[in-house]
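Given chain P, put chain U in place with the hints provided.
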Amino acid sequence: MYAQGLLGGAEAAEENEEFLAAFQARIDAEEKIEPKDPMPAAYRKTLIRQIGQHAHSEIVGMLPEGNWITRAPSLRRKAALLAKVQDEGGHGLYLYSAAETLGVSRDQMTEELLSGKAKYSSIFNYPTLTWADIGAIGWLVDGAAIMNQVPLCRCSFGPYARAMIRVCKEESFHQRQGYEIMLTLARGSDAQKEMAQDALNRWWWPSLMMFGPSDADSEHSDQSVKWKIKRFTNDALRQKFVDATVPQGEFLGLTFPDPDLKWNEERGAYDFGPIDWDEFWRVVKGHGRMNVDRIKDRKKAWDDGKWVRDAALAHAEKRRQRKDAAKTAAE
Amino acid sequence: MTATEIPLWEVFIRPRNGLAHRHCGSLHAPDAEMAIQAARDVYTRRGEGQSIWVIPSSEVVASDPDDKDEIFDPADDKIYRHPSFYDIPEDVGHM
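Taken in order, these protein sequences are the chains called P and U.
Each position in the first sequence, counted from 1, maps to that position plus 1 in my numbering.
Each position in the second sequence, counted from 1, maps to that position plus 7 in my numbering.
What the hints contain is simulated information worked out from the structure, not anything from laboratory work.
Check the hints yourself; a few may be wrong.
To be verified - Anything over 10 angstroms on all C-beta distances counts as not near chain U; from chain P, calculated:
(1) Phe20
(2) Tyr127
(3) Gly189
(4) Asp272
(5) Gln322
As the list claims (entries may be wrong) - Selected chain U positions facing chain P (in silico; Cβ < 10 angstroms):
(6) Cys31
(7) Leu34
(8) Ala36
(9) Val68
(10) Asp94
(11) Ile95
(12) Glu97
Said to hold, decoys possible - Capping the alpha-carbon separation at 30 angstroms, the derived lysine-lysine pairs in DSSO-like fashion look like this:
(13) P:Lys301 to P:Lys120
(14) U:Lys85 to P:Lys46
(15) U:Lys75 to P:Lys229
(16) U:Lys75 to P:Lys37
(17) P:Lys120 to P:Lys194
(18) P:Lys79 to P:Lys300
(19) P:Lys227 to U:Lys85
(20) U:Lys85 to P:Lys37
(21) P:Lys33 to U:Lys75
(22) P:Lys46 to P:Lys194
The structure presented is a predicted model; accordingly, all values stated were derived computationally and were not measured.
Yeah, the Cβ is synthetic: ideal placement off N, Cα and C, and Gly gets one too.
If we strip away everything but chain P, and leave its shape as in the complex, we get (with noise of 0.2 angstroms):
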């Protein structure tokens, strides 16, 4: 569900002019890269951080959503949230097998994510405080992350763009589940509207943030962009977000925390106020509320699988001896 834009910048290319050349020439003629195609260092360096990050996010995205499963106000909530969560686990799953093309190796990822080295969407570091908050993720979190990955399943990588068009068709469901939720509420008490209200004011901006850095400060940005790693920049994807969302706010009658979002008549888009970049580093740099927690229970969730792990591997191997045992007696 949730790319962001890409933390860190893209790498910058070594390779001699010609080669380099040639391969842009490949990309502009909307040529899709293949796993064993040459391929300038700094294009796989970019796409095995930018898969990494976006499957490192899908894996923890799965625990403020977790965090409600028991908690759901009913069973058909709770089947559709544990198979949205399920979701996000085989959206990993399908990312982390795009990256391991490129030559990673799924422990060096695993080891990247638990070491916390490796990054992922700043927003899942902030704590999901009611039931109103599933509703806010599903719309808003996953609404923000099916604008950035639907330009993603044409990127000019064949199989992240492909694991992006399985992840967009599922996607969809998630967004409306989650508006489904805050509909209810906010045609419920004047307590649940009051949830849905507050689950809105605490998950916009964090939402806006999850299209990553303003262009200005975007380092290296047009390379990806030029590469067709990317197809649109954070800013532009951000206005798409907001110009989308607004109206569907609206329909919930709930109120933007922001006073200085207004249609824009000239523009044809929603002005909106300044983000809290601050915040936004704050968090991506480790000091988010949920940062240390999300790592910590990532890590348990490994640790304490490792003798499944272990039993599994030992099983295959005695059965794969058997069968050997087996085939020599015959021979």
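Then chain U, alone, in the frame of chain P:
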């Protein structure tokens, strides 16, 4: 970290009878049986499949991309292998 990396498998799904199995991605699993179970959970959560194949990724034999030209280019100049190469008078009708 596990000392041994859990092996990688390539997954092929037949969406419905009448269609060929088609490569849809890969996954890690200790053995074939668990690979099938994982493929079901990862790749067929919405009725995408009627049948699953898994094969160890290490067993895939692939053509070398460096040999792409010498393998595939010879087909480019044999236009006489296509039906449009032959002139048949219109009066003959559809052939």
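query: Which of the stated hints cannot be reconciled with the structure, identified by number in ascending sequence?
result: The structure breaks hints 9, 10, 11, 12, 14, 17, 19, 22; every other hint is satisfied.
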